[in-house]
Amino acid sequence: MECAVDAQSLISISLRKIHNSRTQRGGIKLHKNLLVSYVLRNARQVYMNEKYAEIYRMQQYEEVMTVCNEIQELNPLDLAEDCEEQNGECCGNGGVSEPASLCCALLPVSHLAAGQSAHIQAPSACSAPHSLQSDEICKETEPSFYRSCCAEAYPVSNCDFSPVNNNLHCNKTTVLDLDTHVVTTVENGYLHQDCCASLQQCCQSAQSPAKKRKVDFEYYISDIEEVSDFTPCKRAKFEDCSYANSEHLDTSNISNLISIFGSGFSGLVSRQSDFEQALNGQFCSKQALASLGAWTRAIVAF
Amino acid sequence: MAGAASGNDFQWCFSQVKGAIDEDVAEADIISTVEFNNSGELLATGDKGGRVVIFQHEEECKHRLQLRGEYNVYSTFQSHEPEFDYLKSLEIEEKINKIRWLPQQNSAHFLLSTNDKTIKLWKISERDKRAEGYNLKDENGRLRDPFRITSLRVPVLMPMDLMVEASPRRVFANAHTYHINSISVNSDHETYLSADDLRINLWHLEITDRSFNIVDIKPANMEELTEVITAAECHPNQCNVFVYSSSKGTIRLCDMRAAALCDRHTKFFEEPDDPSSRSFFSEIISSISDVKFSHSGRYMMTRDYLSVKMWDLNMENRPVETYQVHEYLRGKLCTLYENDCIFDKFECCWNGSDSAIMTGSYNNFFRMFERNTRKDITLEASRESSKPRATLKPRKVSTGGKRKKDEISVDSLDFNKKILHTAWHPKENVIAVAATNNLYIFQDKVN
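Residue numbers (this note's numbering), protein chains in the order written: chain A, 1 to 302; chain B, 1 to 447.
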């Protein structure tokens, strides 16, 4: 299986082909464009799998840090011990050489004991149980909520929805939108915090303030929409949630592109402005991921 | 050895090459279809410029050593012109996609030629006499002054130089929204079918203003489109049966007696995918580019990007034979996708006795497979090996690390030199191979 980097270049190439086909003599060739859309779908799947694998790894990392932070909040004096214990429990069999440093490295500098290394390690697999545990609380209370924004296939629940409510941590957050590839820096965790705060309330209480969360989700998504609007290639964020709920994810991926063609390819003609702005191969791939996407994703990147 | 499977190896030798030698190839001269007529006497080619050139086999041999005659130009005419669809603002290419000969019923020859949208029936006839001695016209064709005519005479037929005329007898237009990829004459000699990406129509040869739609795979919502029709053919002797292939690598056999609209197939031929060989391009390379019935009607052959598959009409779940044409390209699919070669539509053909098949490849190579002996051979259509009656040397592509002498490595293959169209004489071992703008004719060395 080819890696995600190849997938991205394939997406660029495919988009260029589709764009060029519009100016070819004899009109748009339905057969060729259908085949190109299959390549696009395949490349996108690989690309998304890679990205989500990354997210999952980062989420593991995030969860470990969260646990440490929580421990810190409960009893700052027991910071180092608990952290080590925590890591020791979860990382005992993981073969991580310096478990203490993983957690401690993520803590604000002021809490670090002198002399401890601050290098960041990739989260080990053994931290998974903890992350899942903390997630499941939130997941179960609002399964439909998660499904509406996550693809069924993917195990991640989105780091940003995990209870990271830490002013110290959220000083400055960099958000990478997977669909539009736009990087936004959010001050004081403003965007992030609201969302997480409501989730944490959910986790703490047995009730599920569905309405509130939905509002937050929409707020969150509307922010992402604003972000994507900054990109020159405006693409209608069409039916993201409904597609995610659709049983036929595969055909919906193709169909999103096929819908561009429409009958007699009138659809392709109407989106002329989008494509003309997306002549740059790199840009094309970003737009492709946005336009092909049924979802909008954002991850918190350190 | 006229078609009989004697078990001897074929020994192909060069016979003729038609077309310009220029390195600079004009796009309009690129041959887009090659077809022998039912007797093999005539060989038609169509090109991207919308022209049809017909070659005729001449029996008289000038050279003693030449055991078979040559093919010489018989007729040339402009079949299709570029058109413009004003409603959709689309240009319609004049490229001839397919030529199919009708069975000969009198001294004239008839063929169907099609571009993306319009099918035409052409009559090719000879004229070797003309009437002289008209009463009302003089020798130059000018009208005579009636008052000057004092006597009557009977016009007499006088011999003249042979003139071959091609005239369009029927134009079958406005029946296809999408690009026509196939036409096929039915064995009843009255009807024929034409197929585009989503529909197949049945025509009567005499009626141009209407056709019957017999297959329609267009989904109600175009967003749900997952496959298109790539080729269609009528059964050689059952006039109610036809097949069509799809971009998903499947073939459907339909019986027109079952229903007016043959959306529901009678038989469905599909080979299960091998999940271990899945790649980004799995869908592209499984798309079928050509489907041909054997002359017997018992088998059909399909061509996808890397292989040729033989199907027994009585077995739907897998082909009976699979021949790898250029498996060494599997590792280069990404490059071939970038340069668009992966979308090339190779055709395939049977020999007269159904014992051998032929298909094209890159670097002007073409491949032949003998079904009985399972032998295969790779030959090249090149000017270098085009000495009169020179035997073609088998070629080999080296796939391993070590390249033997006379072998060519995969990276040295010229992907611009592709052989998409080949034809095999229906009765003799004479083959026509179209290499870009040149037509090569090879024949088997008769011992």
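It is possible that part of the hints are untrue.
[To be verified] Label-pair ranges, simulated between beta-carbon atoms:
#, chain 1, residue 1, chain 2, residue 2, range
1, A, 57, B, 278, 38 to 48 Å
2, B, 272, A, 24, 27 to 37 Å
3, A, 20, B, 320, 38 to 48 Å
4, B, 23, A, 57, 49 to 59 Å
5, B, 272, A, 73, 51 to 61 Å
[Claimed, not checked] A partial selection of chain A residues facing chain B, derived with a Cβ cut-off under 7 Å:
#, residue
6, 9
7, 16
8, 25
9, 53
10, 56
11, 58
12, 71
13, 74
Don't read these hints as lab results, they were simulated from the structure.
Computed from a predicted structure; not experimentally measured.
Ideal Cβ positions, reconstructed from N, Cα and C, are used throughout, including at glycine.
The hints, checked one at a time:
{"no.": "1", "hint": "A:57 / B:278: 38 to 48 Å", "in the structure": "violated (25 Å)"}
{"no.": "2", "hint": "B:272 / A:24: 27 to 37 Å", "in the structure": "holds (35 Å)"}
{"no.": "3", "hint": "A:20 / B:320: 38 to 48 Å", "in the structure": "holds (40 Å)"}
{"no.": "4", "hint": "B:23 / A:57: 49 to 59 Å", "in the structure": "holds (55 Å)"}
{"no.": "5", "hint": "B:272 / A:73: 51 to 61 Å", "in the structure": "holds (57 Å)"}
{"no.": "6", "hint": "9", "in the structure": "violated (9 Å)"}
{"no.": "7", "hint": "16", "in the structure": "violated (10 Å)"}
{"no.": "8", "hint": "25", "in the structure": "holds (6 Å)"}
{"no.": "9", "hint": "53", "in the structure": "violated (18 Å)"}
{"no.": "10", "hint": "56", "in the structure": "violated (23 Å)"}
{"no.": "11", "hint": "58", "in the structure": "violated (26 Å)"}
{"no.": "12", "hint": "71", "in the structure": "violated (46 Å)"}
{"no.": "13", "hint": "74", "in the structure": "violated (50 Å)"}
The structure shown violates the earlier hints numbered 1, 6, 7, 9, 10, 11, 12 and 13.
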